[in-house]
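K.L.:
Sequences and hints are given; from them, build the entire structure.
Just so you know, the numbering used here puts the end of the sequence shown at 174, numbered straight through with nothing missing.
No lab work stands behind these hints, which were simulated from the structure alone.
Please note: incorrect hints may appear among the correct ones.
[Said to hold, decoys possible] Taking lysine-lysine and the DSS-like style, the derived pairs with C-alpha atoms no more than 25 Å apart in a straight line are: (1) K162 <-> K129; (2) K78 <-> K7; (3) K74 <-> K129; (4) K19 <-> K7; (5) K19 <-> K88; (6) K88 <-> K78; (7) K128 <-> K74; (8) K88 <-> K74; (9) K20 <-> K8; (10) K20 <-> K88; (11) K20 <-> K7; (12) K162 <-> K74; (13) K19 <-> K8; (14) K129 <-> K7; (15) K162 <-> K88.
[As the list claims (entries may be wrong)] Taking CB as the label site, the calculated pair distances span: (16) R121 <-> D43: 33 to 43 Å; (17) E123 <-> D35: 49 to 59 Å; (18) K128 <-> H72: 18 to 28 Å; (19) V97 <-> R32: 17 to 27 Å; (20) K20 <-> D69: 32 to 42 Å; (21) L136 <-> D58: 22 to 32 Å; (22) E100 <-> Q122: 28 to 38 Å; (23) K128 <-> S26: 40 to 50 Å; (24) L71 <-> T143: 22 to 32 Å; (25) L5 <-> E83: 18 to 28 Å.
Using N, Cα and C, we set each Cβ at its ideal position, and we do this for glycine too.
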Amino acid sequence: MSYILQKKIANTFREQIMKKGFNHVSVSSLMRILDIRRQTFYDSFQDKYDLLEWQLNDTLEETIDNNIDYLHWKEILKLFIYEIDAHKRYYYECLTVQTEVNVADIFATHLVVLLAHVLERQELISNKKAQDNMWLLCLGISTTIIHNVTTPNPVDYELIVKQAINAIEYSFES
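P.N.:
Here's what the structure looks like:
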């Protein structure tokens with residue numbers, strides 16, 4: 001299946017979740033909107049949960065992984081948190097309605113890619129304590145972002161960016 005078609009399905013999925021909610025989006029409804037056959041969908045994805053996982057990973061690869069060699073890590077972190085904030089309704093649905101896909105783990109996994117790059121530049125990548133700290137720090141940042149999406153009184157995303165940068169810098173000071 002072509003990446004372009006997968007992306008088209010994923011974007012429509014995201015739009016429909018923001019309009020109707022996660023539970024009201026089905027493979028059949030996506031097929032009707034996109035005018036595709038059921039087999040076309042299943043050539044790329046097993047079900048809507050597989051599509052959700054693919055969409056989250058693809059978005060974070062674009063936002064985090066693909067920018068590592070082009071932007072400073074602080075800018076990438078800001079882009080990541082902005083992405084979540086800008087599509088808060090979508091992420092709220094993904095976090096509160098379904099439990100099949102571990103969104104926190106996906107967030108943390110992509111943050112680890114970013115922080116591994118930071119550790120590499122500081123020549124700490126082979127330090128076992130730094131690696132352990134990195135994973136826990138990424139889970140903590142992920143949980144903070146998720147809390148902000150799901151709480152009735154969210155704070156401005158810029159505050160979370162600042163807190164995350166401070167935590168990272170404090171954790172890996174030489």
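K.L.:
Measure nothing beyond the straight line between the CA atoms of K19 and K7; if it is 25 Å or shorter, mark the hint as holding.
P.N.:
holds, 18 Å
K.L.:
Looking only at beta-carbon atoms, does the pair R121, D43 fall within the given range of 33 to 43 Å?
P.N.:
Holds - the Cβ-Cβ distance for R121 and D43, about 41 Å, lies within 33 to 43 Å.
K.L.:
For the pair supplied as a hint, K128 and K74, confirm whether the alpha-carbon distance does not exceed 25 Å.
P.N.:
holds, 23 Å
K.L.:
K19 and K88 were given as a pair; does the straight-line alpha-carbon distance stay at or below 25 Å?
P.N.:
Within the cut-off at roughly 12 Å; holds.
K.L.:
Is K74 within 25 Å of K129, Cα to Cα?
P.N.:
holds, 22 Å
K.L.:
Are K88 and K74 close enough, with their CA atoms no more than 25 Å apart?
P.N.:
This hinted pair holds, its Cα atoms lying about 21 Å apart.
K.L.:
Below or equal to 25 Å on CA atoms is what counts here, so check K20 against K7.
P.N.:
holds, 20 Å
K.L.:
Note whether the CB distance of K128 and H72 lies within 18 to 28 Å or breaks it.
P.N.:
holds, 26 Å
K.L.:
Holds or violated: K20 with K8, Cα cutoff 25 Å?
P.N.:
holds, 18 Å
K.L.:
For the hint 22 to 32 Å, verify it against the beta carbon of L71 and that of T143.
P.N.:
The hint (22 to 32 Å, Cβ to Cβ) holds, given that L71 and T143 are roughly 24 Å apart.
K.L.:
What's the verdict on K162 and K129, does the C-alpha distance respect the 25 Å limit or exceed it?
P.N.:
Cα-Cα ~24 Å, so holds.
K.L.:
Is it true that K20 and D69 lie within 32 to 42 Å of each other by Cβ?
P.N.:
holds, 38 Å
This entry does not satisfy hint 14, going by the numbered hints stated previously; all others are met.
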